[in-house]
Structures are given as C-alpha cells and as structure tokens.
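Number of protein chains: 2
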Amino acid sequence: MSPIVIQKPTLLLDRQRAIRNIERMVAKAQRSDVRFRPHFKTHQSAQVGEWFRLFGVQAIVVSSVTMARYFAQHGWLDIVIAFPVNILEIESINQLAGQIYLGLLVESPEVVHFLANNLAAPVDVWLKIDVGLGRTGILWSDVDRCIAVATQIEAKSLLSLRGLLTHAGHTYRARSKTEIETIYHDVVARMNQVRDRLLATGIGPVELSIGDTPSCSVVDDLSEVDEIRPGNFVFYDVMQLQLGVCQEEDIAVAVACPVVAKHPERRQLVIYGGAVHHSKDFIIDNDRPVFGYVARLTGDGWGPRLPGVYVSGLSQEHGIITADEETIGQVQIGDALAILPVHSCLTANLLREYVTLEGEVLRCYQIG
Amino acid sequence: MSPIVIQKPTLLLDRQRAIRNIERMVAKAQRSDVRFRPHFKTHQSAQVGEWFRLFGVQAIVVSSVTMARYFAQHGWLDIVIAFPVNILEIESINQLAGQIYLGLLVESPEVVHFLANNLAAPVDVWLKIDVGLGRTGILWSDVDRCIAVATQIEAKSLLSLRGLLTHAGHTYRARSKTEIETIYHDVVARMNQVRDRLLATGIGPVELSIGDTPSCSVVDDLSEVDEIRPGNFVFYDVMQLQLGVCQEEDIAVAVACPVVAKHPERRQLVIYGGAVHHSKDFIIDNDRPVFGYVARLTGDGWGPRLPGVYVSGLSQEHGIITADEETIGQVQIGDALAILPVHSCLTANLLREYVTLEGEVLRCYQIG
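Quick note, the sequences are listed as chains F and E, same order. Offset between the first sequence (1-based) and this note's numbering: plus 4. Offset between the second sequence (1-based) and this note's numbering: plus 4.
Bound-form chain F, shown alone (with noise of 0.2 angstroms):
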C-alpha cells in the first residue's frame, strides 16, 4: 500500500467498508426475495458501479437522463431514470430507450401523452407515488387519478406499466429506527392499497418499488415490496449516522482536508475545505449547525471521530473547526484532518473523484 499523499481536499474512499455496506444490502435484499436496484447518484462513478456487479447486480437507478447515458456507455442495461420525465430531453431518452431496457417515472397525464406520441422505442413506465414526503408524486390517497394515469398508459403502445414507485424521503426526519419502522409499514400499506385498486380494476397486478436508505437499512423484511433502490447506503454518512441508520465505522468516505491556520483563542483551526467541497448541507447538534465530524487520519484511512470536535462553519474555500483545547493543541498546521461529510452523495458530486485507501483514483463523470 503507498502512502496517499494529501496536498489539498481529497475525498478518501474506504474499498473494504463500501464493499461491505453493499453486500450487507445484497444479502438483505436475498433474503426478502427482492429485485436491488441500486441508485448510483451517490457515487456516479463507473469505477465504483463495478464492485456491485462483483454481487451480480445488474440493475440500476440514476437521477438524470445525463447519469443514464454514462452508466449506459458503461455496460449498464436496465436503468431507471427515477426523476419524472424531463420532456426537453426526449431525444436522449429516446437514444437510451433504443439501446438499453429503460425505466420512466410519470405523474401526470400531460407526460403519458407526450410520451406516446413521441417516444420512438418501447420503455418501462412506473408510477411515481407521494407516499407522504410531499415531494413528486400522485398522492397516494387520489386512488381516481392513480387509476386514470395507469388506465392511460396501459393504452399506449409503447409503454409499459412496471409498477408503483416512491421515495418515502420523509423518513430522514424520524427520530428513531422504530419511526422509520413505523413509516416503513405506512408506506407498504398506501402502496398496496393503490395496487389493490388497480388489480380491483384490471390493470396489474403491478410491482411496487421503494427507494430510500433509512427504510432499505432499519427494516429486516423487505419482503412486502419487489424492488428496493437505496443508494447513499454504499456511502453512509454523518445525516445517516445521527438518524442511527449506520454505524460510524460504516461510513466508507472523508474529506482529507489540509489545516491552514490555529486560533486558539476561539478553540478553532481553519481547514482548506469549503462549501465547494462539503456542500452546505448540515444537520443541527446540541442546536448548533454541524457540517462535519472530524477524525484524524491514519496511516491506512482514518480514526474515530473526535468527540467534541466538527466542523462549524463553512464559507467557498475555508472549513472552520471547533474543537477542545487538546486537539487545538495537538494538531499543526500542514497536518491533515479528515472530515466526516453530513451528506455523502452531495460531497461526491462536488469532488468528483475519490482516492481509495489503497492510493488508486476513481473518477465521476465530468460534468461542464
């Protein structure tokens, strides 16, 4: 193993622990006898997709028609868009649609019809359901336009109605893995109350799918469902952590940033690392704004986080850090500090390209 040298913001990537949270979801989804379709907006990398297929994954979600077309040129063949049809980007969907087995999400009868009389290749078409997050969405509870949107598409030559999908988002904001339980159990009762209505009617019976990695991560039996689609799971993070979702030493990525300046007076040291490379998302502590746990880094990755210690502001290029007086004390300037993102997926799309422990880089797909 060479030493990773660390010379400005570099987002380490632990192999061993990203592997580890990707089998435990395999086995799961084994277990529950369901499809796992892993969403790769968390990593967007081809390099990383390649450790699911170590697993005999073989489908996948992504977010935009734009992460599409590249998981498409990397071999991947069963790809939900799981954003409701952008129709601006009809003629890339329609490249896609003609080279591999593409999934749509539609809500709306204006898109239904737009897509049948513009789209040039067969697709899958899954319902998007509002569960409760109040997000995208046909609500759950308008069972009439559920019905008439299906009834739509099941008339269109070239679409083809998979099933009920939904993102019950709503549970990054449970206060306990019973709540997320709890919310869980709601959602598998809504949708299948909405499947019951369609088969009531004549139209499936339909899949459902369910997507978010609290639920994919607390729930033991996924069994009720046919398709799960977590993807920061891969990742975890500190927003995952405080939910009690994963375990500190599930978290697979940290930000090694450079320290630049020490001001004891005010128990902080001032790392380069910004908004540009954390995001600004932040989950609240103590009633304080965190955007980072810290911990130092180690010869081979990095060490527990350090009690006490986060990031507690963040402006383009600067991190500042609060600590106690020990580590104010302990750490120089031109050591390095790794940080614990508060949100995986966001840090990942800023910095576009990790370092494994073991020094190799893996790339994102280039954006601009």
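For the record, the hints were derived by calculation from the structure and aren't laboratory data. Quick caveat: nothing in here was measured; it's all calculated off a predicted structure. It is possible that part of the hints are untrue.
Listed next, the in silico BS3-like pairs over lysine-lysine satisfying Cα-Cα at most 27 angstroms (straight line) [claimed, not checked]:
#1 F/Lys160 / E/Lys266
#2 F/Lys181 / F/Lys32
#3 E/Lys32 / E/Lys181
#4 E/Lys266 / F/Lys266
#5 F/Lys266 / F/Lys12
#6 E/Lys266 / E/Lys12
If you only want the chain E side, here are some residues facing chain F, beta carbon under 7 angstroms, derived [stated by the list, open to error]:
#7 Ile91
#8 Glu114
#9 Thr140
#10 Pro262
#11 Gln320
#12 Glu321
#13 Gly333
#14 Ile337
#15 Arg356
#16 Ile371
A virtual CB, placed ideally from N, CA and C, is assigned to each residue, including glycine.
On the provided structure of chain F, position chain E as indicated by the hints.
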C-alpha cells in the same frame, strides 16, 4: 442571435449585465484611485476573465493554488492567493512563484518560518488581518502579533511584505446600506491603526487591501485603501439583492430549469434543478428559507422576478417552487423557468459552464 435551447439546468449569463457590473467597479476604482484586483473565484472562467482585460485589469485574486495555476496558464501574471498559505502545496506554489508575480497570505509565524525555509522564488506577502469577521487572520487589536509576524517577514529575503489584507465578510450580516458603510469605515480605521503601528516600528508604509462586494458596491469613495478585491459583483445574486447591494437588473446569471411536474393542490411546481445545480445556500425571506427567486425566460434572457414565487426546497436534483395560483395555472410541464441564484459563486462552481444570451458556451476549469 440564435435562440437558446434549454434541455436541462443551464447557467445563463447575461454578458451585457456582467460587463456593466465590471465597468461600474472599474470606474469606481479609478475615481478612488485604488488598484482593482477582482476576485476570480466567482466565475472561475478564463473566458469571463477576458472581459476584465478589456478594462485594463491586470492583477487578480483567487482562492486556491489550483485556481492560480489555471489563470496563470491563461496569461494572468499578477495573482494573489487570498487564502492562508497551505504549506502542503509548496511545490505548486514554488512553480507559480517562478512563473508569475505571486502574492501569498500569511497570519502565523509557523507559516512564515516554513516559507522562509522552503520557498524557491520571491513572493509578495500580505498579512491577513481579522477586522471582526472572526474567520482567519490576526486580530486587528492584537498589534503585538501583527508587528511580530511583520518583522519576521521583513527579515526573510524571499518574502516581501506588501501590505495588510482583510475580508470584511461581516458586511453580509448587515441590515442596511448605512450599516455596511459603518462597517467599512470601522474596517478602514482598524487597518489604518495596524498600519500606523507598523510604521512606528519602522515597517512600511504598507498597502491596505479590502475585498467584500457589499462594501465595494455601497461605499462611494474607496480612496482610503490601496486595493479592492470584490468578486461576487460580476454576477451578483439574491443574497446581494436582499442586502440592498445591487438592483435586480444587475444580477447577471440565472439557472434555466425545466418544469417536470405541477402540484396545484399545494401550489407547487417541480423543476429539474436541485442542490447539485443551485447549491444549498439560502436566505431567510418572510421567515422562510428561500433557495432562489423565479423569473420567466424571454426570447433574449429572463424577465423580472415573479413576486411571491420562490424556490422553497431542494433535494439532489429536484427543486420545489412555491407559487401563486395564477402562475401555477400558466406554467406548463416542459416550460423552463429562470432561477436567480442565492449565491452565484457556489452555483457557478457547481454548473461549471455558462451559456451567454448570444448562445456562446463559456467554461470553468475542470475539477476531478
């Protein structure tokens, strides 16, 4: 002019507005007889940089060694890196110092000592002074430390003490133009006090450099300092608008985002355009977090902000717009809307390319 085709989130740049913003700041700097050293971290683009050259700008400031290398490659020969020296990048710093007229920022004896032992070419050194923001720098009132570090710099042959530099970022917390002016005058008084004390010990007279967009936009006469370093003013944004620092028609960038879903029952539109496009920076407006204001696209740009319409939520790729009934009724799926960014520096950093209203694509440097 070719009409701009929007297919996905696209950072539109109104070249005329940006050039007017540059022109106005150039004129003010000339009137005040101060050096105009614009901060290029906002746009991060060699092509946008060329617009400054039209007005004779030759000296710039950046926030990282990476950015300094990029602009040096594009012919900028006088660059200050306005970030505490990251000693782990000494190799790149030495390369730059051998190629261009390089300015560095220091605030600690350790770093001066390190530079004295490791620099391979001469550099200008600016002493970073904390005039009240509490992020980096030696506290203005700690004159003994200012003198000690300045004396240490003066004793090193490759280090040339150029001046005192500060970022009065606390103007961003001001509630009125008057408050910004008051902060500015306090800042100048504090900087002058340090300069005078240095002079009394035989050091200098050194230059004074200040840098925040609010002060540089609001204060008419900047002649008390030697150099101004605003950056954000080239584009401005919703945060500056809320501060009263710019007019709406000065905002030179907007993210064009496709509308993908409508939820009239909760007066919401869903756009393709989330945290990975806008950043999660927000302002508080009417006690609510606002992630962007909303305008209609016109044939040749965007129109005035739609009153009462705003981006109320962001996830990775989704944006939620809250709007009045009339707007919801008028906007259709497949339309694109212009989102005025809360913090244009972070938005540009994420999207990494601009499309001018004339249809020209301008790029930022590549990351990852």
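Taking the hints in turn, this is what the structure says about them:
1. F/Lys160 / E/Lys266: 22 angstroms, holds
2. F/Lys181 / F/Lys32: 17 angstroms, holds
3. E/Lys32 / E/Lys181: 17 angstroms, holds
4. E/Lys266 / F/Lys266: 50 angstroms, violated
5. F/Lys266 / F/Lys12: Holds, at roughly 17 angstroms.
6. E/Lys266 / E/Lys12: 17 angstroms, holds
7. Ile91: 5 angstroms, holds
8. Glu114: Holds - the Cβ of E/Glu114 comes within 7 angstroms of chain F, reaching about 5 angstroms at its closest.
9. Thr140: 5 angstroms, holds
10. Pro262: 5 angstroms, holds
11. Gln320: Nearest chain F Cβ about 6 angstroms off; hint holds.
12. Glu321: 5 angstroms, holds
13. Gly333: 14 angstroms, violated
14. Ile337: Since the shortest Cβ distance to chain F is 5 angstroms, the answer is holds.
15. Arg356: OK, holds: E/Arg356 within 7 angstroms of chain F, min 3 angstroms.
16. Ile371: 6 angstroms, holds
Comparing the model with each numbered hint stated earlier shows that hints 4 and 13 do not hold.
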